[in-house]
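Those protein sequences? They're chains C and F, same order as listed. According to the numbering used here, the stretch in the first sequence is residues 1 to 669, in order. According to the numbering used here, the stretch in the second sequence is residues 1 to 165, in order.
Hint data in this document are derived by calculation from the structure and do not stem from the laboratory. The structure displayed is predicted, hence computed values, not measured ones. Incorrect hints may have been included.
Unchecked claim - One side of the interface only, derived from the structure: several residues of chain C facing chain F at Cβ under 10 Å:
no., residue
1, His74
2, Val103
3, Gly113
4, Ala565
5, Met599
6, Cys627
7, Ala629
8, Cys633
9, Phe641
10, Leu654
As the list claims (entries may be wrong) - In silico DSS-like cross-links for lysine-lysine, where the CA-CA straight-line distance does not exceed 25 Å:
no., chain 1, residue 1, chain 2, residue 2
11, F, Lys32, C, Lys110
12, C, Lys140, C, Lys421
13, C, Lys421, C, Lys380
14, C, Lys4, C, Lys59
15, F, Lys91, C, Lys642
16, C, Lys43, F, Lys32
17, F, Lys32, C, Lys530
18, F, Lys130, C, Lys111
19, C, Lys230, C, Lys140
20, C, Lys111, F, Lys32
21, C, Lys258, C, Lys302
22, C, Lys258, C, Lys373
23, C, Lys611, C, Lys575
24, C, Lys244, C, Lys341
Heads up, the beta-carbon is just placed ideally off N, CA and C, and yes, glycines get one too.
Here is how the chains run, residue by residue.
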Amino acid sequence: MAEKVGIYVCHCGSNIAGTVDCEEVARWAGQNIRDVAVARDYKFMCSSLGQQLIEDDIKKEGLTRVVVAACSPHLHEKTFRRACQNAGLNPYLCHMTNIREHVSWVNNDKKAGTEKVKSLVSAAAERVKHQQPLEPFYVKVNPATLVVGGGIAGLQATLELADAGYPVYLVEREPSIGGHMAQFDKTFPTLDCSACILTPKMSEVGQHENVTMFTYSELEEVSGSVGSFKVKIRKRARYVDYDKCTGCGICIEKCPRKVVDDVFEAGLGYRKAIYTPFPQAVPRVPVIDTANCTYFQSGKCKVCSKVCPTDAVRYDQQDEIVELEVGNIVLATGWKLFDCKRLPNYGFGRLANVYTNLEFERLCNAAGPTNGKIVLRDGKTEPQRVAIIHCVGSRDSRYNTFCSAVCCMAAMKFGHLVLEKTNAEVYSFYIDMRPNQKDYEEFYQRLLEEGMHFVRGRVAEVTDAARRPEEQGKLIVQYEDTLLGEQKRLPVDMVILMGAMEPQADAKEMGLKCGISCSMAGWFTERHPKLDPVATMTDGVFVAGVCQGPKDIPASVAQGAAAAARISGMITNGKVMIEPIVASIDEESCSGCRVCNNMCPYNAIEFDEAKGVSHVITAMCKGCGTCVAACPCDAISGAHFKNDQIYAEIEGILWDAQPSAAGTAAGGG
Amino acid sequence: MSNENFEPKIVGFLCNWCSYRAADLAGSARIKYAPNVRIIRVMCSGRVDPSFVLKALAQGADGVMIAGCHPGECHYIEQNYKAMRRYAMLKHTLTALGVEPERVRLVWASAAEGQLLAEHIDSLVADVRKLGPLCWPRNWEESPERLKALEEIEKEHAEAMEVQA
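Generate the whole structure from the sequences, applying the supplied hints.
Take a look at the structure:
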């Protein structure tokens with residue numbers, strides 16, 4: 001019996017209809033494509049009325065197949081499948097073809113666009129006739145979740161899930177959780193103390209019965225898929241027994257070796273060779289930095305071991321690999337600071353009193369190397385004039401084109417702190433001021449009132465080469481005031497560079513481990529930039545915080561919570577749907593050549609010695625279809641992407657081409 | 001037919017995860033490119049059976065594009081490498097069948113590279129336009145160069161078999 005195909009061409013308002021004659025396509029399809037029972041065009045197919053149209057036609061006209069020519073199937077395939085299901089048609093008998101992203105939005109020529117749409121509709125109609133009803137699979141969701149990254153986004157996700165009663169494994173690369181937020185003194189725009197709002201969350205995570213922390217650890221390997229991932233975590237050797245250590249800190253106090261702390265103190269302060277990054281660290285168990293430890297370098301010392309009251313120091317500790325099973329993964333791996341030395345004209349690393357934003361955070365932090373005193377590198381002179389340079393490494397086509405989103409506000413926070421703590425003048429050199437969240441504009445107004453100077457213009461150079469007497473011994477900022485249209489020089493004592501937030505150096509590698517991709521700039525790619533900002537293209541892998549793109553603390557917290565909410569939903573549901581797009585082998589046709597066996601990266605194909613044929617372990621198959629293409633006997637078929645379906649699609653897509661005399665011969669495969 | 005007025009028909013097999021998403025992104029970003037490539041979605045470039053390409057050419061396509069995730073970034077770990085291997089063999093076969101191998105192109109585009117995919121499409125369309133209509137396999141015996149190419153490949157094969165024996 002011939003199929004009855006319904007074709008629906010969406011106008012998407014003027015998004016499609018602007019460059020495609022949708023009425024003409026529907027008319028043409030109704031007259032020219034075989035087995036088409038209904039062909040309609042409609043303003044918005046995804047609206048409830050549009051969906052109703054499909055449902056009514058299935059019921060009244062007895063449609064057996066549905067083609068929707070609209071936007072990307074990544075957006076609305078589920079919508080139309082559901083509509084079909086509502087009307088009693090198997091959802092896999094519906095096919096979407098993308099005439100918006102792939103035609104109307106990339107083409108201005110209405111005639112060419114309309115012809116292209118005709119070929120895509122024809123392809124979909126031919127294909128859909130070969131589609132078969134399928135039933136999705138369901139897999140159980142392991143209630144445990146892995147959170148990678150113990151910054152504020154990861155902490156929020158961890159707490160939300162743990163409070164909901166689900167086990168969470170939190171992996172953090174540094175010896176303590178807390179992330180960048182732990183380095184800050186104040187947070188904009190409210191100026192509340194960063195530690196005061198962060199440390200309660202840190203200790204809550206540290207003490208939570210549902211949280212297992214792996215600090216000083218890294219995610220090594222991920223396998224499996226949504227609902228049941230298997231992960232390997234490398235617990236780096238701390239050289240301190242985690243269970244015996246009480247965190248008393250005597251070892252740190254007595255350690256004779258002082259080291260410049262490049263990580264937490266941003267190079268401004270010191271730590272010991274055995275250390276916790278900061279006093280409120282969670283956990284309080286220290287780690288030994290073997291590269292700087294006298295014992296590890298020369299075999300002598302052992303002071304930490306001698307003073308430890310619980311005998312917790314273990315010089316022979318080894319890295320440990322822990323294997324865990326989790327249902328979902330949250331990546332909250334954060335960011336790193338742009339290397340300000342890449343802009344040599346700003347003198348960072350060469351001119352002592354040029355600071356990065358992270359250095360300045362430590363400088364004004366009450367727990368920092370100067371106890372919060374804003375002084376020059378000599379450790380005692382208070383600056384008379386401070387220049388803050390915005391957009392260092394961001395909004396700059398040479399480095400990063402993106403806006404780092406937080407620097408305008410952080411620069412004003414710094415301005416406020418300098419004005420509050422010193423008698424210095426503050427000059428801010430900006431391209432555009434972007435205080436664009438709740439209460440941010442008010443903070444800007446406040447700083448204007450407090451007397452911070454805002455100069456619109458990019459700084460060309462920071463130099464110590466004086467030209468005038470008043471410039472002697474100062475740093476001179478050479479800039480263009482673009483509002484005055486003048487080149488100017490300003491002698492200052494201190495320069496703060498607002499360095500860009502950049503993706504972690506190993507973000508791409510981390511993405512590959514978890515099967516997700518990065519944007520051109522290197523941020524993790526979310527499933528949909530507006531409507532699905534925490535999910536990714538890999539089911540069960542979520543992103544939160546700056547690793548997805550530059551954002552401030554409130555937005556990071558919101559994303560952490562959002563990821564947790566998505567995961568809670570899946571855990572509560574207990575099961576998750578898997579598309580039935582898998583391969584299967586017809587034993588009758590299989591010659592037992594085993595070509596397919598090595599094709600599968602998931603080892604989902606097994607050879608049955610007794611029968612002399614291969615078969616697919618459905619639960620392990622991810623549906624790529626590589627084995628289908630490799631089988632020399634056509635014994636493997638890939639559900640929903642079967643050979644006959646794709647051949648039909650090819651025939652349909654070339655409906656207007658001239659098939660040569662022997663054209664059908666190659667179709668056999 | 002003058003090549004300037006000739007509008008090639010090209011079939012594109014795009015993988016679901018990277019290149020199809022790149023095409024989606026090109027759309028969202030309103031990047032304009034030649035309308036000649038008609039896209040068929042497959043789950044992975046590794047799904048592209050060489051017979052799909054031959055089928056498309058025999059059906060009247062003047063060129064074929066296969067697009068996948070960048071090497072090392074495959075959603076299915078390593079299946080784009082299998083596409084790469086097949087592509088190398090397919091080009092050989094195409095020559096033997098009298099089709100200029102330049103008509104079939106394998107490209108990589110990540111989900112973030114809408115612009116790059118559009119450039120690949122424009123470049124393939126321009127190159128196929130230069131080559132002219134394919135009309136395969138009807139016109140292949142007409143060309144002595146193609147027959148010569150076939151002879152050379154047969155010779156190569158014969159030599160390879162001797163080495164194996």
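For each hint, the structure was consulted:
1. His74: OK, holds: histidine 74 of chain C within 10 Å of chain F, min 6 Å.
2. Val103: Status holds, d = 7 Å.
3. Gly113: At 6 Å from the nearest chain F Cβ, glycine 113 of chain C passes the 10 Å test, so the hint holds.
4. Ala565: At about 25 Å, which exceeds the 10 Å cut-off, the nearest Cβ of chain F leaves the hint on alanine 565 of chain C violated.
5. Met599: holds, 7 Å
6. Cys627: holds, 9 Å
7. Ala629: holds, 4 Å
8. Cys633: Hint on cysteine 633 of chain C: violated, closest Cβ of chain F at ~13 Å, above 10 Å.
9. Phe641: Holds. Min distance 6 Å.
10. Leu654: With a minimum Cβ separation of about 4 Å from chain F (threshold 10 Å), the hint on leucine 654 of chain C holds.
11. F:Lys32 x C:Lys110: holds, 13 Å
12. C:Lys140 x C:Lys421: violated, 57 Å
13. C:Lys421 x C:Lys380: Distance ~14 Å between lysine 421 of chain C and lysine 380 of chain C Cα, so the pair holds.
14. C:Lys4 x C:Lys59: holds, 12 Å
15. F:Lys91 x C:Lys642: Holds, at roughly 24 Å.
16. C:Lys43 x F:Lys32: holds, 24 Å
17. F:Lys32 x C:Lys530: Distance ~23 Å between lysine 32 of chain F and lysine 530 of chain C Cα, so the pair holds.
18. F:Lys130 x C:Lys111: At roughly 23 Å apart (the allowed maximum being 25 Å), lysine 111 of chain C and lysine 130 of chain F satisfy the hint.
19. C:Lys230 x C:Lys140: Roughly 14 Å separates the two Cα atoms, so the pair holds.
20. C:Lys111 x F:Lys32: holds, 15 Å
21. C:Lys258 x C:Lys302: Roughly 15 Å between the alpha carbons, so the hint for lysine 258 of chain C and lysine 302 of chain C holds.
22. C:Lys258 x C:Lys373: With a Cα-Cα distance of about 22 Å, the restraint between lysine 258 of chain C and lysine 373 of chain C holds, given a limit of 25 Å.
23. C:Lys611 x C:Lys575: violated, 34 Å
24. C:Lys244 x C:Lys341: violated, 43 Å
Checked against the numbered hints listed earlier, the structure breaks hints 4, 8, 12, 23 and 24; every other hint is satisfied.
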